[in-house]
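Peer 1: Using the sequences plus the hints, can you model the full thing?
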Amino acid sequence: MYFPHTDSDREAMLAEIGLEKLEDLFKDVPAEHRFPKLDLPAALTEMEVLAELQDIAWSNDTTRELVCFLGAGAYDHYVPAVVDAILRRGEFYTAYTPYQPEISQGTLQAIFEYQSLIAGLTGMDVSNASHYDGATSVAEAVNMAFHNFRGKRSKVVLSPGLHPQYRATVRTYTRGSDVIIFGDDPHLDLTAGPESLLPFIDQSTCLVMVQYPDFFGRIYDYTALAEAVHRAGALLGVSVNPLALALLKPPGEFGADIVTGEGQPLGIPLSFGGPYLGIFATRNQYVRRMAGRLAGETVDNRGQRGYVLTLTAREQHIRREKATSNICTNQGLMALAATVYMSLLGKHGMRQVAELNYHKAHYAAEKISAIAGFRLWSPEPFFNEFVIECPLPAADLNEHLLENNILGGYPLGTDYLGMEKFSLLAVTEMNSKDDIDFLAETLTEVANG
Amino acid sequence: MNIPPELKYTKNDEWLKVDGNIGIIGISDYAQEQLSDIVYVEIIVSPGEMLSQGDTCATVESVKAAADVYSPVSGTVTAINDEDLPDTPELVNSDPYGQAWMLKVELSDLAELDELMDAGSYQKFCDEREQ
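Heads up: the sequence lines are chains A and B, in that order. Its first residue numbered 1, the first sequence is counted upward by one per residue in our numbering. Its first residue numbered 1001, the second sequence is counted upward by one per residue in our numbering.
Possibly wrong hints are sitting among the right ones.
What the hints assert, rightly or not - When the alpha-carbon atoms are kept at most 25 Å apart in a straight line, the in silico BS3-like pairs for lysine-lysine are as follows:
| # | chain 1 | residue 1 | chain 2 | residue 2 |
| --- | --- | --- | --- | --- |
| 1 | B | K1124 | A | K322 |
| 2 | A | K322 | B | K1011 |
| 3 | A | K360 | A | K347 |
Calculated directly from the structure, the hints in this document are not laboratory data. Everything numeric in this text was worked out from a predicted model, so none of it was measured.
Peer 2: Next comes the structure, spelled out in structure tokens:
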């Protein structure tokens, strides 16, 4: 047990400033606004607390008990035991960027390796030490693009195929600023490709943000879009699923200026929604506009390799009110998890996992779309996620599936008008052929009433 | 500390060289010394742009700090030093009054010049800060 102050410490401090009791410090706050009396139950023993918490935990259904076909931004992947074993080493087990960074060479090296891996995967010149998650990375991309043009271009075009929660986060971040958001009107035709964004792009656009594969799982070639964006003098941002990049052409090769992404598929457990990992990479010419920390490799005065935090003058603690972002932190531990995961699997292993996802998802899509009443929504290529039109509302379907211990897809009616009967299904290496066949059988039964 | 007598100075340590109706702007020897090794200079205005006195016209980044450069005068930007400074920002350390000039403006209000310090006053201003 840790006691920050003893009673005598408090008395000594109060005596020093000439007060009698602690409450005297708060007398300027009107009584009705002071913190209310805590009506807490009597203290429990450690044994009792553990039993109670265990009891609460058991009422959760997790992907250990259920067959999971839910994705929509967070995916059920296998996390090799080595990832956790390394994370939990005392030398690494802090989630925070060290404040005296240069003595933490191991942490800096891990961040440097992470940045190098992400730069390689995305085809970009430079990656920062990470942000909180995929959503906040997109919001930082908006921030960066807006400041890149010094506020002279205030239009941001968000694809309706960008994760709805990411778009909501951008709106939260930019509330009260001059940024104006276009492109994701709820009445737009969602079956249209990236060309539907072209009418929104003009000389006042600072950023066009798309997702790859998009929220509906579709893989588009954004080359023509990139050209149009650059013709207008704007930046192209691409939010990625990093695992898909083991198979797909990296965004750096089709003209992306900023690549963001949710790093959770890279060895990070679902954990009820976090902590996750915000990927953020860009081209060299924009490095000074990028938020977040940046580890660099250098040599010391004896010529030995060493690691430092570099380009720190961009950061908020130095730029103060002129900084373009208030983010100086990173998801250090999660970035380390992704680093261990990627290093462990290597280039070929990553591709193998990605291929497993691809093939299993395509097997599932074929199987499900063969069931009467179910139809694959889009003819576009996909990775490990696809949309199925169902004969009944997707939310109702999920209830039936849950009775059979299946966690169904994401009901798209949650975010998109008129899509109540559409379900976004994810299939990963965790789903066996039997799982997929069982899902298909169950869907057949449900459809037949 | 080098304070050329023919220039005008501001309390933000910019210098201004007046040549007819053109003003040339940079940062002083005192400023570069305070900032230490300059690693990045960015001129954030372009030729043709109108500046008011006090507007931010450049940012200078050193290994330990980042600072904005404010225009000592109002006027229209006629030239920026985008040839030397982006690639060799250390010129601000080695030649702050020469090769490290940052921009030229066509002065729109000559009365503003009277508000600036001459070399003697600026020397005194720097000395006071050193104490």
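Peer 1: I'd like to know which numbered hints this structure contradicts. Please list them from smallest to largest.
Peer 2: 1
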